[in-house]
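Here are the chains, one letter per residue:
There are 2 protein chains.
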Amino acid sequence: MIQLYHFPLSPFCRKVRLTLAEKKLDVELIDEKYWEQSSEFLRRNAAGKVPVLRMDGLTLSDSSAICEYIEETVPEPALMPRTPEKRAEVRRLVAWFDDKFHGEVTSKLVYERINKKLTRQGYPDGTNVKNGVKAIKFHLDYMGWLLDQRRWLAGPDLTLADFAAAAHLSCLDYSSDVDWNRNEGVRDWYAKIKSRPAFRSILADVVPGFRPAAHYADLDF
Amino acid sequence: MIQLYHFPLSPFCRKVRLTLAEKKLDVELIDEKYWEQSSEFLRRNAAGKVPVLRMDGLTLSDSSAICEYIEETVPEPALMPRTPEKRAEVRRLVAWFDDKFHGEVTSKLVYERINKKLTRQGYPDGTNVKNGVKAIKFHLDYMGWLLDQRRWLAGPDLTLADFAAAAHLSCLDYSSDVDWNRNEGVRDWYAKIKSRPAFRSILADVVPGFRPAAHYADLDF
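Chains as they are written, first to last, in our numbering: chain P, 1 to 221; chain U, 1 to 221.
These aren't lab readings, by the way, just hints derived from the structure by calculation.
There is no bait here: all hints are sound.
Under the rule of at most 30 Å between Cα atoms (straight-line distance), these lysine-lysine pairs were calculated in the DSSO-like manner:
| hint | chain 1 | residue 1 | chain 2 | residue 2 |
| --- | --- | --- | --- | --- |
| 1 | P | K100 | U | K86 |
| 2 | U | K130 | P | K116 |
| 3 | U | K100 | P | K86 |
| 4 | U | K33 | P | K137 |
| 5 | P | K100 | U | K137 |
| 6 | U | K86 | P | K86 |
| 7 | P | K100 | U | K117 |
| 8 | P | K100 | U | K33 |
| 9 | P | K130 | U | K117 |
| 10 | P | K33 | U | K86 |
| 11 | U | K100 | P | K137 |
| 12 | P | K134 | U | K33 |
| 13 | P | K134 | U | K116 |
| 14 | P | K33 | U | K134 |
| 15 | P | K100 | U | K100 |
| 16 | U | K100 | P | K116 |
| 17 | P | K33 | U | K100 |
| 18 | P | K33 | U | K137 |
| 19 | P | K86 | U | K23 |
| 20 | U | K116 | P | K137 |
| 21 | P | K117 | U | K130 |
Just chain P, with the same shape it has in the complex (with noise of 0.2 Å):
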């Protein structure tokens, strides 16, 4: 049995839980307090970030490193182009939600809102929350200039660059920061990847203290 030691707000461990279940492979999902370091998760994964992956005897980590893995050696449904040229505009978008996407905006708000409380790191704060608000909405109009031109985010196909967009959006929607009448083209997108049964573990995700909005698991949202 596949297992993932991950916390069920992060965009990475979201990320891996989609690929996982779009290839069809069961995995037992493991809660990691990864805030509390303990010397057995360090020696899972000496960087103490989830999520870290037990798959066909191998102790993995790092996101993409993982979802990479799990492409190669599951390779059916595609989650990456055939040509090199695509796969690169896979893995920069992919980059693009992971780094600058998750510093601008998840970091501001989920990890503010949510992981900070909980970590017990004291209240959120406030420029971080105000600049959170403000850099979503140039991403959001980001996706939609994308979607205007294709299919999904990459290109004609769903790929890994969707489920990483996908990852971060649905943590935001938990904390309510989502505004999806801002552009009717990502809404329409969310919707599709929403409606995936590789969602359906992640819509029925509840962190303890921390309510999700209330249309968080509406496939009519």
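Starting from the known structure of chain P, fit chain U onto it as the hints suggest.
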């Protein structure tokens, strides 16, 4: 001709330069004052970051997407191992340096001492510098631990993981932030990588107003 829009002391650009040079691909380096965020630059990469590579008629961004593209289209000499398991280890370590090491060390030392002044964002933050000085010790020890068991960081062969690590350490060496006496294994590894022809252009880098450490370009440091 391949063109790279870069900043000399960017570890992400250096990783790409090392990869290109190892593959014996000639490149025209174009200095990019990325912090000015010119509209022309933002058209090339909406993320507003270096490196940006022009190759095969494409405009590519994100350093890892770029390096994977080069590896896929110019496979020799190989910088990625052949099995998914070993590739996952390379990608884990590339992310270790570009994410964790970058956040805990490079951004705390090189960016505080050099980039901040260059981009007129004020003086180094003493707490950041102190934390960076502390964190680099842990990372050098971790590298030393890996190199006790392996010839190169990810295994028996030189890979992108070594270039990611060397890219960061070479920037920190420029700002005199590496104690090469801390770990003999790490020093020997850096001496090996520094003497490769691919490293020459990096050792010749000069950022006006900031002298490199006296031993920076010395192969016998």
